[in-house]
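> In order, the protein sequence lines correspond to chains R and F. Counting in the working numbering, the first sequence runs from 1 upward without gaps. Counting in the working numbering, the second sequence runs from 1001 upward without gaps.
I should point out that these hints are in silico values taken from the structure, not numbers from a laboratory. No residue lacks a Cβ here, since even glycine has one placed at the ideal position from N, Cα and C. Errors might be hidden in some of the hints.
What the hints assert, rightly or not - Label-pair distances were calculated between CB atoms; the ranges are: (1) R:Ala463 - F:Ala1181: 58 to 64 Å; (2) F:Thr1146 - R:Lys135: 52 to 58 Å; (3) F:Arg1138 - R:Arg249: 52 to 58 Å; (4) F:Asp1136 - R:Ala69: 28 to 34 Å; (5) R:Thr423 - F:Arg1119: 47 to 53 Å; (6) R:Ile261 - F:Gln1028: 35 to 41 Å; (7) R:Ala463 - F:Asp1136: 34 to 40 Å; (8) F:Gln1028 - R:Lys380: 43 to 49 Å; (9) R:Thr378 - F:Pro1180: 52 to 58 Å.
Stated by the list, open to error - Below, computed lysine-lysine pairings styled on DSSO-like, alpha-carbon distance capped at 30 Å: (10) R:Lys359 - R:Lys380; (11) R:Lys360 - R:Lys330; (12) R:Lys265 - R:Lys439; (13) R:Lys359 - R:Lys265; (14) R:Lys135 - F:Lys1041; (15) R:Lys332 - R:Lys202; (16) F:Lys1041 - R:Lys293; (17) R:Lys178 - R:Lys265; (18) R:Lys293 - R:Lys265; (19) F:Lys1041 - R:Lys483; (20) R:Lys127 - R:Lys483; (21) R:Lys439 - F:Lys1080; (22) R:Lys265 - R:Lys202; (23) F:Lys1041 - R:Lys510; (24) R:Lys359 - R:Lys202.
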Amino acid sequence: MRQWTGWWRPVALACLMAAPLAGQGSGTGAASTAPHTVVTNDMLLQAAQSGDWLMYGHNYWNNRFSPLATINTTNVRNLVPRMVFQTGTPQLGSFETTPVVVGGIMYITTPAVPNNEVIAVDLHTQKTLWRYTHKNAGVSTACCGPNNRGVAIAGGTLYLGTLDGQLVALDQATGKEKWAAQVGDPAEGYTETMAPLVIDDKVIIGTSGAEYGIRGFVRAYNAATGAQMWNWYTIPSPQEGGWWGRWSRTTGEGDNLNRNIVKEKADSAKYADAWMHGGGSMWMTPAYDAETKTLFVGIGNPSPDLDGSIRPGDNLWSESVVAIDATTGKFKWGYQEVPHDVWDLDVVSPPVIAMLGGKKVVVEAGKTGWVYVLDAATGKLVRRSEAFVPQENMFAQPSDSGTRMLPGANGGQEWSPITINPTLSYAYTVGLHQPMHYKTHYAPWERGRLWLGSAFVAIPGEAQWGNVTAIDLATGKKVWQVKTDQPMMGGATATAGGLVFTGEGNGWFKAYDAKTGAVLWQFYCGAGVNSAPSIFSMDGEEFVVVAAGGNFQLGFPLGDAVFVFGLPKAM
Amino acid sequence: MESPQAAWRAAVLLALSSLGAAGRAAAQTVPVPVVDPARLKADTATRTAEFELIAGLTGLNGALNFNGFRDGGLTLTVPKAWTVAVHFRNHDGMLPHSAEVIADVRPIPLQPQPPAFDRAFTLKLAEGLPPEATDDFRFIANREGTFLIYCGVPGHGAAGMWIRLVVSGSARLPKLGATPAGR
């Protein structure tokens, strides 16, 4: 089923031979003796200054900003592939891993089709050190296709979420399993695709599954034993205050949501138990503020996605950015971007912490097509940006015959992480333009069945495309925007070298000038580049690594390659 | 140009769908899938059944349905030795889908299977075809029995995206009918 035509393999091999990574040829046997740097809490706390890539979002603020600047606006045009690693998995799927790289060892995950795998590769020798395979139980509840976005690492252990709902701890040196905890039941729709986050002695993980009527949660597990330490449900029960909220007629910014509040209130007793299957996935890795010990989490859609008639109320805390005490799991504040959402406008792209005018803020790029800037201490809105994708008929209610609305059901900004350049105070989004008709279709909840309450129908003949946008967080204005041929899905990464890296579904991986949006370099990877890249240093050199394996949901060409780019090695 | 018969069928379908909408206004009811006989045409001269197979036609089962049916709720019956020409279209705006004819097995498989008849599958069986993409396949129904028309995208078939195909030694003409749904 592979899409590769094979033309690029000799090219890649030639590149690899012509410009090997540092250290190659230093002797055989390095694979078995390669030192695995043990990642300490201090290293994680200082990750923002690190030349390694220690966690999904590079650092606890989740900004995907590398301080490395050897590769910069003047020399990036010289970038070449220095290594191409193929996972060799028997089947292909959405390849969305962000490689974690520590001391020249790269840890990547495969798309979980059908099994989850973690591979440790010594970049000095280009040898695979170990390969862990988790044989998934049969899962038919991965709504948007099986995938995995990466691992967490700390204290000599790697942490992996699996498609069949487990959190697994692996020995960093050997890939042997230390423990496994069942986080949720995949038969009910609880699946894991996110990269976990390690904070002190805890591993933080959420769950996917709001397309199946789960009740979402955020959890902390003991990093050493796998014992659950705390749990916070994303959908509060009536005893916890309920999910009805303030019966908001508008968004927090004043947009009319076109709700029939009278009818919702009249129906609220009839649907009093709707919260039990109320959804609220935590799809992505949260941001963490070590100073206040606060997690900032993005919570996705309520269940069912488009049929709001059977879930009266604001459906807290779906479609929200939520602050949680990382020590206790207690709720601090929440900001709901779309109360009573019936358009699948998730808060799914991971929140990011930034400094703005001396104040700590949380930044989130919504599927709505706006970037939200919130006060990190209070959750109050600081500003909402200009829209970075076209919006049309926003918040019109879906109908039996179909309601046209933009952005489409993928956003806006999908799960793709944004990046922030803290010096410029710019956020970089990767957007989608997919006109769709929203059709209601009533369905009762059934265990383990896709439960959308709707159909999203593409509009034949309408063009779909994407864009990359720089937004000034101080003003909310677009600084620059570049249109792309296809909807964007994968994520962006910025560097102190004045660059922004992101890939496209057509196989192009590009470097943009962070200030102007000029495309300074591009490389064709032969399959969709639908993952967020990592930046790291090794033996004094800077490298850019990205998975090029396409995306199932958008039909982008699949593959199994991980490209490592660097400046040409001096002969 | 649309035939009077087709126009009449469309009017009946519209009326049925309107009734469904009115019903929902009073109380939430699950829309009843409607068999559309216009999706099947028979050519007795060439002994060919032309079947229009639409993935995600309605929102039933989160759009994991064929022609608005899931879990075998629709059965296509064809006479043995006829040629079956399947015209596939993916109407789901969110997910890729595919189709293949497989053996009638339980549990419903998670992954694509060897086709029950030569060439009885669409392109990109596991990856699926994107929204509004089309593909045609033809095969000779040279074996009697009950088979499944199944989405080969991993997990979709097991989640209910399948209908039935019966190859009959006694049937004289192809037919399309609702059947009890069941996993």
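> Look at each hint and say if it fits the structure.
We went through each hint and held it up to the structure:
One distance hint, 58 to 64 Å for the beta-carbon pair R:Ala463 and F:Ala1181, is violated here, with the actual separation near 38 Å. Separated by about 32 Å at the C-beta atoms, F:Thr1146 and R:Lys135 break the suggested range of 52 to 58 Å. Between F:Arg1138 and R:Arg249 the C-beta distance comes to about 55 Å, which sits within the given range of 52 to 58 Å. With their beta carbons about 55 Å apart, F:Asp1136 and R:Ala69 fall outside the hinted range of 28 to 34 Å.
R:Thr423 and F:Arg1119 have their C-beta atoms about 59 Å apart, which leaves the hinted 47 to 53 Å range violated. The given range of 35 to 41 Å is broken by R:Ile261 and F:Gln1028, whose C-beta atoms sit roughly 19 Å from each other. As the Cβ distance of R:Ala463 to F:Asp1136 is approximately 25 Å, the hint placing it in 34 to 40 Å is violated. Separated by about 38 Å at the C-beta atoms, F:Gln1028 and R:Lys380 break the suggested range of 43 to 49 Å.
Range check, R:Thr378 to F:Pro1180: about 57 Å between beta-carbon atoms, so the 52 to 58 Å window is met. Our distance criterion of 30 Å between C-alpha atoms is met by R:Lys359 and R:Lys380, whose separation comes to about 12 Å. With a C-alpha separation of about 20 Å, the suggested pairing of R:Lys360 with R:Lys330 holds against the 30 Å cut-off. Using a Cα cut-off of 30 Å, the hinted pair R:Lys265 and R:Lys439 holds, with the two alpha carbons roughly 23 Å apart.
Our distance criterion of 30 Å between C-alpha atoms is broken by R:Lys359 and R:Lys265, whose separation comes to about 39 Å. Between R:Lys135 and F:Lys1041, the direct Cα distance comes to roughly 45 Å. Violation of the 30 Å bound is thereby established for this hinted pair. With a CA separation close to 19 Å, the supplied pair R:Lys332 and R:Lys202 stays within the 30 Å bound. The straight-line distance between the Cα atoms of F:Lys1041 and R:Lys293 is roughly 66 Å, outside the 30 Å bound, and the hint therefore fails.
Using a Cα cut-off of 30 Å, the hinted pair R:Lys178 and R:Lys265 is violated, with the two alpha carbons roughly 50 Å apart. Straight-line distance between C-alpha atoms of R:Lys293 and R:Lys265 comes to about 38 Å, which puts the hinted pair past the 30 Å bound. Using a Cα cut-off of 30 Å, the hinted pair F:Lys1041 and R:Lys483 is violated, with the two alpha carbons roughly 45 Å apart. This hinted pair does not check out: R:Lys127 and R:Lys483 have alpha carbons roughly 38 Å apart, beyond 30 Å.
This hinted pair does not check out: R:Lys439 and F:Lys1080 have alpha carbons roughly 39 Å apart, beyond 30 Å. Proposed proximity of R:Lys265 and R:Lys202 is contradicted: the alpha carbons are some 40 Å apart, above 30 Å. Under the criterion of a C-alpha separation no larger than 30 Å, the hint pairing F:Lys1041 with R:Lys510 is inconsistent with the structure, at around 50 Å. Distance check on the hinted pair: R:Lys359 and R:Lys202 sit about 28 Å apart at the alpha-carbon level, within 30 Å; holds.
The structure fails hints 1, 2, 4, 5, 6, 7, 8, 13, 14, 16, 17, 18, 19, 20, 21, 22, 23 (numbered hints given earlier, in ascending order).
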